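Could you build the full structure based on these sequences and the hints that come with them?
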Amino acid sequence: MSNFNKMIKNRHPYMFIAPAVLLLTVFSLIPILIAFVISFTDLNLKGLADWSSITFIGVENYKDLFSDNTFIKSVFNTAFYVVIGVPLVIFFSLSIALMLNYGTSKLFTVFRAVYYMPSITNIIAVAVIWGYLYNTEYGLFNYLLSLLTVDNIPWLEEPTIAKLSLILLAVWKGIGINMIIFLAALQGIPRSYYEAAEMDGANRLQVLFNVTLPLLRYATFFVTITTLIGWMQFFEEPFVMTDGGPLDGTISIALFIYKEGFQFSEFGYAAAGSFILFAMIIIVTMIQFKLRKSDTEY
Amino acid sequence: MAIKKKSKAGNYLVITLMLLGGIAVSIPFIWMISSSFKPESEVLAIPPTIFPENPTLDNYINLFTNMNFTVYLRNTLIIVFFSFIGLLFNAMAGYGFAKYEFKGREKVFYLVLATMMIPGQVTMIPVYLLLNEMGLTNTMTGIILPGLAVAFSIFLFRQFMTTIPNDLIEAARLDGAGEFYIFFRLVMPIAKPIFAVQGILTFIAGWNSFLWPLIIANDESLYTLSVGLSLLQGQYANNFALQMAGAAFMVVPIIIIFSFFQKYIVEGFTMSGIK
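Chains A and B are the protein sequences, given in the same order.
Under the numbering used here, the first residue of the first sequence carries the number 8, and numbering increases by one thereafter.
Under the numbering used here, the first residue of the second sequence carries the number 1316, and numbering increases by one thereafter.
A hint or two may mislead.
Straight-line C-alpha distance at most 27 Å; calculated DSSO-like pairs for lysine-lysine [to be verified]: (1) Lys1578/B to Lys1507/B; (2) Lys1323/B to Lys113/A; (3) Lys1323/B to Lys180/A.
To be clear, the hints were calculated from the coordinates, so they are not data collected in a lab.
As the structure is a computational prediction, the values presented were derived from the model and not from experiment.
Here is the structure:
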């Protein structure tokens, strides 16, 4: 009884956290367990209607994935996206942040908004607009190139070019948020550091490389980790622009999982794929943290 | 900025680069707006016209007369409304974690953080199966529920609310204020900056929501603007003018809202201590 009274008396913290925590439990924590269990079964549309037809097949799904050509292709494509896209996003968002941090006039505020705009633009609107720009016959890009007497480029019809086209639009869309993070970090650097460097007679490039960039180490690390995790789950761009084609040339791991799950209703197989992706993300993130440790030691 | 002596030449170089980059980044937007006012024949003209020669509003009118954009808009606004209720839940949870001592606080908070690490693809299928068991597929509830609680938002609210002085809350308690009164009347006004950031981000996310409505909704009467726009793209594959009008209808409101509130977003990131 006294315990019960105590709970009534201390009920407030639980009342505050309950709605959000309950929702997270039902729609995030429990689903992880479910996903893990079904990744060892052959659950599909038939199993959904009749639970007794579901059988445990052990690690069969995981084994099958590694001999599935589409899956292997999706792993290769995802690596292609990450290796080219992530450095580009970091380079552009850092450069733009440095430029925007250069002045404080109204002009710079306006451009901050301009560079941020793509990242808040709806993905379907992006697909519609870029689909038009990339159109082989009527698109603006090919028209501009034709002025330079360059032949029509099949932006989305050839596997390698299509991958690069998707990277271009994902970089365009990905700059905004990272630029803001860099900008916030730049504004947090105390003036006195620059004044000291100036007194020592450092020129602007020296200040950039010896004061600013080292002080952005934490922001760079944060941006690298989040961008890397984001790009490993590269999904929306191929989903809305190419649906993984041509010839699975743009399919990513995340898109592979989505298609297996929601187009072919192979829920067990898709869940196994999602855990492989999860494992890859954890490994890459851990490598990042390791590299950072050895970096700060000296 | 900090370096006082800036050469004029350097200044001009930065501004020129910024201008060129800015134009390059805006090309898709400019092209979208311009094409949305062109008649159907003009969008396919070669060479393309930069400004519409015969500007028309037909494309926009078409969205509402021939397509169901009124329905899509209504559904999208319903989602936005409920995501603000979700925002309130997140704020309450952030406050609970920040300002109360209770059993298991750390453990539960770590669980909340752990959900941020899980890629969306892992939970997508089980959540669909769960909603299917509850009979919530093809309902508005099914579209709204899974997205209400956002771990990252709880985390940011907690970070901000930890900085509110305990004495202030204690003083209010001594004056006899109830816990919920304190939250709504004292804490929420103090936490206005973080509410501003989260409010904008919540609006943008709700307005743009696409994948989950696409998975859950079978009936067109439940489609959101993005799902409707992708339907339009499929149905009118070669009517680029209509497509651009649909895209502009989605993008322009967001840009207007953002340009009014952008300073809060930058401040919000500075506040959250990412340096």
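Here's how the hints hold up against the structure:
For the suggested pair Lys1578/B and Lys1507/B, the alpha carbons sit about 14 Å apart, so the restraint of at most 27 Å is met. A threshold of 27 Å between alpha carbons decides the hint, and for Lys1323/B with Lys113/A the separation of about 18 Å falls inside it, so the pair holds. Restraint check: the Cα-Cα separation between Lys1323/B and Lys180/A comes to about 32 Å, which exceeds 27 Å; the hinted pair is violated.
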